[in-house]
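Keeping their order, the protein sequence lines are chains Y and Z.
By this note's numbering, the letter at position 78 of the first sequence is numbered 78, and the numbering carries on one by one without gaps.
Start counting at 1 in the second sequence, then tack on 675, and there's your number in this note's numbering.
Treat each hint with caution, since some may be false.
Pulled from the structure, derived: some chain Z residues nowhere near chain Y, Cβ distances all over 10 angstroms [said to hold, decoys possible]:
no., residue
1, Asp678
2, Glu717
3, Glu885
4, Gly955
5, Pro957
6, Thr1002
7, Arg1219
8, Thr1332
Some chain Y residues judged to face chain Z by a derived CB distance under 7 angstroms, without partners named [claimed, not checked]:
no., residue
9, Ser319
10, Asp529
11, Tyr533
12, Arg535
13, Arg544
14, Gln654
15, Met662
16, Gly664
17, Arg671
Pairwise CB distance ranges, derived in the manner of DEER restraints [unchecked claim]:
no., chain 1, residue 1, chain 2, residue 2, range
18, Z, Arg1210, Y, Gly490, 49 to 57 angstroms
19, Z, Gln886, Y, Glu214, 45 to 53 angstroms
20, Y, Ser318, Z, Gly1163, 46 to 54 angstroms
For the record, the hints were derived by calculation from the structure and aren't laboratory data.
Predicted model only: the values in this text are computed from it and were never measured.
Just so you know, even glycine gets a beta-carbon here, dropped at the ideal spot from N, CA and C.
There are 2 protein chains.
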Amino acid sequence: MFDDMWLPQETLRSLMEGRVFHVASSGPEDRTCVRLRTEIIEFLRCPLVGDASQANVLLRIGDTAFDSDEAYTIRRTGDAIVIEGNTSRAVLYGFYAFLRATLTGESVDDVYSAPSQAIRMVDHWDQTDGSVERGYSGASILFGTLGEDTWEDPGNFTVHDRGMDPFRHDRARLVAYARFLASVGLNAVAINNVNVRGLGASLIEHPLIEQVKEVADVFDEFGIATYLSVFFGAPRRLGGLDTSDPLDPRVRAWWAAKADAIYALIPRFGGFLVKADSEGEPGPYQYGRDHADGANMLAEALAPHGGTVIWRAFVYNSSQDWRDRGTDRARAAFDNFKALDGRFAPNVALQVKFGPIDFQNCEPLNTLIGGMERTNVVIEFEITAEYLGHQIDVNYSVPQWIRMINTDTGREPGEEGLAKNVIRAHAVDAGRTGFAAVQNVGMDRNWTGNKLAQANFYGFGRMCWDDELDAGRILDEWIAQTFPVLDGEGRSIVRAIQATSNQTYIDYTAPLGVGFMTVPHYHYGPSVDGYEYDRWGTYHFADRDGVGVDRTQATGTGYTAQYAPALAARYEDVATAPDETLLFFHHVPYTHVLHDGTSVIQHIYDTHFRGVENVRGYVEQWDRLRGRIPDEDFDNVNERLGRQLASAIEWRDQINTFFYRMSGIPDEQGRTIHR
Amino acid sequence: MFDDMWLPQETLRSLMEGRVFHVASSGPEDRTCVRLRTEIIEFLRCPLVGDASQANVLLRIGDTAFDSDEAYTIRRTGDAIVIEGNTSRAVLYGFYAFLRATLTGESVDDVYSAPSQAIRMVDHWDQTDGSVERGYSGASILFGTLGEDTWEDPGNFTVHDRGMDPFRHDRARLVAYARFLASVGLNAVAINNVNVRGLGASLIEHPLIEQVKEVADVFDEFGIATYLSVFFGAPRRLGGLDTSDPLDPRVRAWWAAKADAIYALIPRFGGFLVKADSEGEPGPYQYGRDHADGANMLAEALAPHGGTVIWRAFVYNSSQDWRDRGTDRARAAFDNFKALDGRFAPNVALQVKFGPIDFQNCEPLNTLIGGMERTNVVIEFEITAEYLGHQIDVNYSVPQWIRMINTDTGREPGEEGLAKNVIRAHAVDAGRTGFAAVQNVGMDRNWTGNKLAQANFYGFGRMCWDDELDAGRILDEWIAQTFPVLDGEGRSIVRAIQATSNQTYIDYTAPLGVGFMTVPHYHYGPSVDGYEYDRWGTYHFADRDGVGVDRTQATGTGYTAQYAPALAARYEDVATAPDETLLFFHHVPYTHVLHDGTSVIQHIYDTHFRGVENVRGYVEQWDRLRGRIPDEDFDNVNERLGRQLASAIEWRDQINTFFYRMSGIPDEQGRTIHR
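Please model the complete structure; the sequences and the hints are all you need to start from.
This is the structure:
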């Protein structure tokens, strides 16, 4: 029905043979503790005994000396393994870590582990009609009985008129999914799309909230808090008020009542996720208020219950005029939010995309990260491969994410200035910072469309838990758990493909950080000028002489000034700006020489030829796994690689031809560039 | 409910006051004769008397000396007007000509008129779900009760499974529409889209054929033959056969039985319209047969009943590789059909688009016109403004059509070689040649979305009837009938806008015959590179040095060789090739000098600035009509002109910027071109 991802049940059961478990809790057992027991007897099918002396795996929930209620230890005591933590959740994490170690062969003699990030969250862009915005793995696993009717006309009805139940109610799948989340330490999930359409707006109220509770209870078993994306205009749409003005007392009262009712039903409800004043969504601007007003209103409603508002900073002018060279989308988040720094309530977190544009193959760090100095920040990632190959193209993206979180913002001294740390240093409430990502699963049998795309989901969770891990280590873990049948040589094939796949994708798509050049709306496949004369603020400005966006203070949009001085200076100067984002910051001639001595135009040709050759290599390498992994996995990736190769060729040829026609400069190596 | 187009009922009724009609038929009265009586007493509300001596308008159906059964005379005999013809249909045409003359003030003292073209047809690209492919005037007037369900999944059902009735059954609208057709002399209509989807395939059989009959009977009252677009794969899909091979006797028997059943129900049924082996539609190629095999099979089925197969020549490779410079879509129709010349049955007509590509703003003549020497040819036009502004932009296209039909093919001496004549000269059956056009009406109150777009519908009909008319004359007729309330100065405003609108549209869109540069699929608004790397065979090949498609024999695709020698030589030589299609035939540097002394790049700038200024002028001019024509007409065009201006500016700026970035050559006049 669906595959095991990184929790190979049969393998685990056989590896766990001989293990006898005992669970002890110093206080009353909660739902998660019961889940732990269920995992032992149903998932592992191991004996669970009441007498600790008969057990060889002891799970102890209780008062340790750990600072963190999520930290666990795994120790070896004689023949027995002891897993310990303050809470059932902590011990559940330790339990999955023990399973992981069993598959990877890591030592469990003396492990202490606490999560790096407090909020470790996945966002679902699932619609109540069962579709998934930017989903490439089939329909929603959460919703999906109503069909497409709820999407089109959001204004015309509420659930009360229709009496419809949009939930899929596939409990087995939901439990498996929650297990995956918890097994990598994720602790929060937003279950509906931030573009709140149709019935989505009504999830916060009766009768749909009762169905949300059904889902939330499953997540809660695994220690995962459920969030809802809410529609900022709900007081008007659902509440019958004539306004959704965040400073109107009736609006505040309406939201407070909603929050009270939700928490009465779902005590560990996480809170609200909000996309406001963004790409056509309503927001505080339409009432002459600012984003602090908007967020704080919701925060006030949630505060009595300990809930959190996660407020997206993805606010920019999405009706830009391409002729207007003064407006720069990259500037927008900082320009909109920096002035509000310090005004957000302690239970608000600003969710900031890692780059200033939108999850391109290569972006510099978002200037709000570190730039916000008295505000909780959650860094947003996109596991679903919207711009990164739609899970058709193999693209292990964890290396990019790890580079981003380890970028030095220069906003604090030393390590404290790294993106992953600075958000904690600058927080009003460090428990409300962390990482969030748009997830990539759907109803496809292997969850993620492409088997190899599971690694991104896995890697995101692991990176949240331990942000010191490198991408190679995470990859090795994932391979060991996902393909336990493979020998070392087989694993090295998977590793070689995955480890290079992100760079390969960069190679054959938009060069040197310029971004986009993809088919509008769809975002798969090349269209060099696809967004060039459009309203989205994403341009490359290629002409016969050069290419790139001048974002310098000296001659451009001044975006570089949003960085801390050292970083600003580095990006400002074409000589010190890093090559990988050169065209993000500078408009340069095709003959501009990169740090490796290659010209920009030759770099474009070289990388695009190389990218295709790499994919050809993947096709050959993968073929060596035929018969060595399950056929469905082999066939799945094999089929995807075939499509990737075709797409990579198309990217190569369109980009090369476009720039050849523009520049008139031939390839130094005389390879085929179509005229 | 819907407007009067060029038959202003109230005006006509008042002008006809005092007219007393008499109808006399030398033979039994047919349905069209009854319609003539109905038009007199219901449409005009004039007295119809049995005693000819009491009448002052005498309609005489009977044996005249005219060669043509469609020709009519209008004469003045004393105080009376006499309209005469061999058939009721001929007299109906005379009757409408009399109404037209009443509005335009033309003389009716001594008129003889016979149609230029035998087949005068409109094609509906209406789907049985009520949508109209490439329709810009609302939903289908023929279909429209089922909604979108029938479109998506053509393979999964037939009408027998569903018992659905896709027809709109709006008889009043249908009668009005048929009246418009007959009033300009049109005599044939294909009621469903050539891309036969969903229930469309089942229109040829019980139970839907009974509903087709209902529609066909209305058209028949107005002397209009109804055709159906048929699905070439129908024997398999509907007939349960394992093949649709045109040479298979079972397939031939199946079609013959279908034809027999149709004619039993609809004796004056016109025949079948077929798009085969085109843009994904099935056809004879999939059985290793050719288009003569396919068409002749259907012709054989229709021949006993006098029916006609209209077989579209729009066959090309729609999965072309943009890298493949050897394939030229312009060549495709000739390459596919020329070898079949002489093999088509006498009741087959090949329907050939006027240009070799697809109704662009400027194209040379299709080489099959005149190139087919022993085949009936119908020239296809597109009234619906697919590439010509979607009836948002004002675009009176008749001038383009008149230029096309008066193009000298050089395939016969003198006038006989003109496109409009050569098809008759080369016909196997001259009664099966003529003009057809995709029509532009829908459920919009004014039928055509833009009030001014009615003129194209009118003009097409008039051009079919009298191909000696010039576009200005047709326009004047249309204005006089459409805006009888306007004085001469008001009419001159409408005339000035309409008469220049086609050139204005050319000015601000794709230059010098290069075509496309429009948003893929949608075909409204600019996207210079939108089709450049796509599979449709429509490229401009612009690079930093020049632009255009080399279709010469010397260095290009050799397309020019498909023309008769004199024309081929003219197009082959860049010095003699006409400027308006220069980039269709040649790839030239931006500095190439046109016949008027302007360089190509300066021509691009000049025309694009001029085009926008012209539209600004239209906006101002139209405003002078406020209060002088009905408000809904004024407001309708006013609103459209506002959108046209925005679109024209977008075209101007994208084209100018694109070519400036490519060429680096500034505008000689220093006008604003965005970098």
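Results for each hint:
no.: 1; hint: Asp678; verdict: 30 angstroms, holds
no.: 2; hint: Glu717; verdict: 42 angstroms, holds
no.: 3; hint: Glu885; verdict: 33 angstroms, holds
no.: 4; hint: Gly955; verdict: 19 angstroms, holds
no.: 5; hint: Pro957; verdict: 25 angstroms, holds
no.: 6; hint: Thr1002; verdict: 13 angstroms, holds
no.: 7; hint: Arg1219; verdict: 4 angstroms, violated
no.: 8; hint: Thr1332; verdict: 8 angstroms, violated
no.: 9; hint: Ser319; verdict: 13 angstroms, violated
no.: 10; hint: Asp529; verdict: 4 angstroms, holds
no.: 11; hint: Tyr533; verdict: 5 angstroms, holds
no.: 12; hint: Arg535; verdict: 11 angstroms, violated
no.: 13; hint: Arg544; verdict: 4 angstroms, holds
no.: 14; hint: Gln654; verdict: 5 angstroms, holds
no.: 15; hint: Met662; verdict: 6 angstroms, holds
no.: 16; hint: Gly664; verdict: 5 angstroms, holds
no.: 17; hint: Arg671; verdict: 14 angstroms, violated
no.: 18; hint: Z:Arg1210 / Y:Gly490: 49 to 57 angstroms; verdict: 39 angstroms, violated
no.: 19; hint: Z:Gln886 / Y:Glu214: 45 to 53 angstroms; verdict: 49 angstroms, holds
no.: 20; hint: Y:Ser318 / Z:Gly1163: 46 to 54 angstroms; verdict: 49 angstroms, holds
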